[in-house]
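Here the protein sequences line up with chains Z and X, keeping their order.
For the first sequence, position 14 (counting from the first letter as 1) is numbered 14 according to this note's numbering, and the numbering increases by one without interruption.
Heads up, this note's numbering is the position in the second sequence plus 1000, with the first residue counted as 1.
Check the hints yourself; a few may be wrong.
A few chain Z residues that face chain X, going by a derived Cβ cut-off under 10 Å, partial list only [said to hold, decoys possible]:
| id | residue |
| --- | --- |
| 1 | Thr4 |
| 2 | Val7 |
| 3 | Gln59 |
| 4 | Leu62 |
| 5 | Glu65 |
| 6 | Gln74 |
None of these hints come from the bench; they were simulated from the model.
Where is the CB? At the ideal position from N, CA and C, for every residue including glycine.
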Amino acid sequence: MHETALVKNLIHRVETLCADENAERVVEVAVWLGALCHMSPEHFTDHFRQEAAGTCAEQAQLRIETSDDINHPQAQDVLLQSLELETEDEAGP
Amino acid sequence: MGRKTIKVDYLARVEGEGALNVTIRDGQVSKAELRIFEPPRFFEAFLRGRDYAEAPDVTARICGICPVAYQMSAVHAMENALGIEVEGQLRALRRLLYCGEWIESHALHIYMLHAPDFLGYAGAVDMARDYPDIVKRGLSLKKAGNAIMALLGGREIHPINVRVGGFYRTPTRKELEPLAETLKQARENALATVRWTAGLEMPEAERDYHLVALHHPGEYAMNVGRIVSNRGLDIAVADYNRHFVESHVQRSTALHSHLREHDCYLVGPLARYSLNHGQLSSLARETAKEAGLGVTCTNPFQSIVVRSVEVVYACDEALRIIDEYREPERPFELAEPKASEGFGCTEAPRGLLFHRYRLDASGGILEAQIVPPTAQNQPSIEADLKDLVGGWLDLPADTLRERCEQTIRNYDPCISCATHFLKLDVRHE
Ligand SMILES: [Zn+2]
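Next comes chain Z alone, as it looks inside the complex (with noise of 0.2 Å):
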């Protein structure tokens, strides 16, 4: 059940992010899964769409990157590596 707790984390990163710049909305989310995470890309997408919904990132499009290298230091994690977000002002991109 480690998935939601790691997806929910990820989500408050997001909405804190989302809040920091004050934007609107998040357009995109970029994430990279470990060779080791034991999370496949359809597997997150499934929690993010749960997790995210009612929040900032529900219409967000997903850009997920999967490695296959086991030596890869971080390869048990899942890391958020950037966001797109739509913001108010003409901050350009």
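Please arrange chain X with the ligand on chain Z, whose structure you already have, making use of the hints.
Only chain X with the ligand this time, still in chain Z's reference frame:
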């Protein structure tokens, strides 16, 4: 409106991380309390008002490490409620699916989460640097389990092909055959796993457990059976709530389970093995003997060896089922909704998983009760810790914490994810 991209590089963490509070009085451990994160209650509420047919898909999402267990307990409970029995090849296919889950989940637990403890690594990543071939063997074993799940479940992690009454679609013989090759290879890897885990250095820690598992007269119990124990318990699944009670413990989001008459008990591989040893395949039994296991096992650290033996068995059993497979005439039995109550219990890789549902006349779920293995084992984990920590108090703080984490990982891959960051608080009174 503008757009902007920000770089983050943030490591997702398990929230509600595990905490262990140990109290020492007069040099003795007087209390060991574990706080862990676990949210099945959310799913119980989420199921209310939904159609009975949705339960297998919804419950499969509770855990990515044992989705089949949740799904199987749910379908069995629904079939019990609606009065249908799934027999013959459909029953065999379910057992095959469950073998897939045991192989996958046990391999993950053994290689990625538990073995690093025995070898002194913080995790599988560090271990892979020095033991690349061993970690690869673990991954290959896990993949064999995945292959079964993908074929029968429709996809790898949260299977969607299981329905109340059977399957949406059953495989052809031709589709199953290639699995046999994969599984023969997996069985070799499983045998090597037993030999390897048997050689790991084990703390001596025999415990006097009340062991509880399913028992079936004709097979090593997975999906069906009566609930039995080494102290004379022998009840039908429907009587679960008459003998087991769940209670809220303030320090934890999880519920604790107790046996009304005997307090704490142990579910999982040690219980299954000790209660049903005679029903393992002869290969699994021989391998266990070679590994130095008796017909019962009550050292919690040896659960890694027992899990490996169960992987050998699951490979053997899966091969037997594939060999005897005949395509069934129809993929499922039809169920007629009615006002009813049903109970289901299966052996999740980490232990007994109980479900109960109450349905209205049109098959809507009025009430759902899900008791996961973790809730049942938590008092037992605390008892282990209380027993063992006393002998470790002279160790440096970090080593003590690692030992406690290892003790917790004897039980469960899911909570052990949370307890990679175990907060240990030792208080002297
Ligand atoms: Zn889990």
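Hints, verified against the model:
1. Thr4: holds (6 Å)
2. Val7: OK, holds: valine 7(Z) within 10 Å of chain X, min 7 Å.
3. Gln59: violated (14 Å)
4. Leu62: Interface hint status for leucine 62(Z): violated (14 Å vs cutoff 10 Å).
5. Glu65: With a closest approach of 13 Å, the glutamate 65(Z) hint is violated.
6. Gln74: holds (7 Å)
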